[in-house]
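Let's have the full structure, built from the sequences with the hints guiding it.
Take any residue in the sequence shown, count from 1 to its spot, add 2: that is its number in this note's numbering.
Just so you know, the hints here were simulated from the structure itself, not pulled from any lab data.
From the three backbone atoms N, C-alpha and C, an ideal C-beta is built for every residue, glycine too.
Be aware that a few hints might be false.
Unchecked claim - Here are the simulated distance ranges between beta carbons:
hint, residue 1, residue 2, range
1, Leu314, Leu39, 42 to 52 Å
2, Asp226, Asp311, 43 to 53 Å
3, Asp162, Arg191, 23 to 33 Å
4, Arg22, Glu172, 21 to 31 Å
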Amino acid sequence: MERTKLKYISTWYENMGRCREEKEAAFLPDKGEENYLLNLYPDVTYQTFEGFGGALTESAGYIYGLMNPEQKEELLRAYFDGNEMGYRLVRIPIDSCDFSLGHYEAVENAQDKTFAQFQMERVEKHIFPLLDDAQKAYGGRLEIMLTPWSPPAYMKTNGDRNHGGELKQEYKKVWADYICRYIKEYRKRGYLVRRISLQNEPKAVQTWDSCVYTAQQEKEFLRDYLWSALQENDLSDIEVFIWDHNKERAYERACEIIDGTTAHMVAGIAFHWYSGDHFEALQMIRERFPDKKLILSEACIEYSKFASDDYLKNAQKYAHDMIGNMNHGMNAFYDWNVVLDEIGGPNHVGNFCDAPFLYDRKKNELIRRNTADYLWHFTHFIKTGAVRIGLSRYSDELEATAFLNPDGQIAVVLLNRSAHDIRVHVRLGDKMAEILVKGDSIGSAVVY
3 MERTKLKYIS TWYENMGRCR EEKEAAFLPD KGEENYLLNL YPDVTYQTFE GFGGALTESA
63 GYIYGLMNPE QKEELLRAYF DGNEMGYRLV RIPIDSCDFS LGHYEAVENA QDKTFAQFQM
123 ERVEKHIFPL LDDAQKAYGG RLEIMLTPWS PPAYMKTNGD RNHGGELKQE YKKVWADYIC
183 RYIKEYRKRG YLVRRISLQN EPKAVQTWDS CVYTAQQEKE FLRDYLWSAL QENDLSDIEV
243 FIWDHNKERA YERACEIIDG TTAHMVAGIA FHWYSGDHFE ALQMIRERFP DKKLILSEAC
303 IEYSKFASDD YLKNAQKYAH DMIGNMNHGM NAFYDWNVVL DEIGGPNHVG NFCDAPFLYD
363 RKKNELIRRN TADYLWHFTH FIKTGAVRIG LSRYSDELEA TAFLNPDGQI AVVLLNRSAH
423 DIRVHVRLGD KMAEILVKGD SIGSAVVY
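In structure tokens:
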């Protein structure tokens with residue numbers, strides 16, 4: 003298709019207030035300009051993008067329950083309405099995680115190996131109401147990823163949900179069946195569970211719910227226990243993701259787990275952002291395992307690392323990481339909690355963090371954070387089924403990623419973390435359109 007126009011929507015902040023501007027530019031014949039170029043190559047294609055989403059934890063569900071109907075509608079519309087952020091994916095913990103009101107397990111009795119006392123009371127109280135309302139706002143079933151933070155305490159070597167520990171040998175089959183039961187409980191209620199990961203952050207010994215797996219242990223649990231359990235429970239359509247931890251060791255974990263015996267079992271590698279960029283690790287995984295999906299399954303601004311009031315820089319960190327991940331092969335993005343309280347909780351071990359929306363319990367006020375504005379520039383414009391295309395840029399001050407949407411339009415996200423404006427000539431074939439990317443701004447260009 004011939005593309006003749008460009009619409010550029012940008013966001014920046016003045017006096018803590020959000021400013022948004024929309025401009026149009028026409029594509030004119032390229033007269034040989036060599037400077038300030040951002041080249042787009044729609045014929046050079048990479049991975050297909052599956053969509054955006056966030057986590058529905060017990061903490062998020064609890065805070066959601068405190069909000070009034072108007073605030074709930076505002077939150078859900080912002081995230082799940084196709085005309086806003088268009089989330090279609092959600093990640094939900096299997097049993098409790100740090101962002102829970104406390105520990106809970108579906109089965110607490112070590113003797114109940116057939117799960118006769120399996121109960122979902124906490125999930126039904128706090129998570130399902132949020133999930134149900136989110137699906138109404140979305141207008142269909144959201145695709146769910148389930149992830150365990152820890153097996154029940156009695157299944158672990160340390161007898162504790164917290165502080166790492168390992169899965170006992172004698173409980174490996176029971177734990178595999180337990181995960182399958184969780185999936186079936188969701189499906190029995192009509193929810194669309196599409197994928198799981200084996201363990202959240204399997205390298206981390208945390209003060210909250212955690213369990214350690216070496217690469218060999220993770221591989222053996224998948225190959226010798228979980229895979230057969232999925233087949234036996236008619237769950238062969240479930241996508242299984244390995245690692246689900248930071249990028250700095252994602253490549254090594256993929257190489258150690260994926261071989262001739264497990265390749266057909268592994269849908270992809272899930273990763274987090276907490277150890278920094280490591281975009282090259284994603285690129286190496288993409289090159290070595292081209293058929294595997296790469297999904298960012300969790301990201302947030304941790305208050306233990308970053309200042310909670312550094313609004314702009316925190317939002318820019320998000321955009322920088324998303325652009326780098328996309329440009330090195332990411333297929334889907336899951337943010338962490340969709341909403342938290344004013345201090346970044348509740349969290350049963352005080353591990354507070356930011357979220358795109360916070361709810362001030364004292365003021366009864368829903369607060370939209372800068373990260374929500376920055377996320378919008380990706381989630382609103384890059385559609386499900388979009389294919390990343392080639393680009394080249396003239397300066398490292400300008401960060402960019404570009405996708406060809408299913409409708410034929412090109413969406414380009416541009417990030418300027420410098421304080422000064424950047425001039426850009428968007429070049430497509432033998433035509434160019436000129437835009438100005440404001441200092442400390444993010445923008446989305448739609449080429450049509």
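Hint check:
Between Leu314 and Leu39, the C-beta spacing of about 27 Å breaks the proposed range 42 to 52 Å. For the pair Asp226 and Asp311, the supplied restraint of 43 to 53 Å holds, since their beta-carbon distance comes to about 49 Å. The beta-carbon spacing between Asp162 and Arg191, approximately 30 Å, falls within the hinted interval of 23 to 33 Å. Distance hint check: the CB atoms of Arg22 and Glu172 are about 58 Å apart, inconsistent with the given range 21 to 31 Å.
Going down the numbered hints, you'll see the structure goes against 1 and 4, while the others check out.
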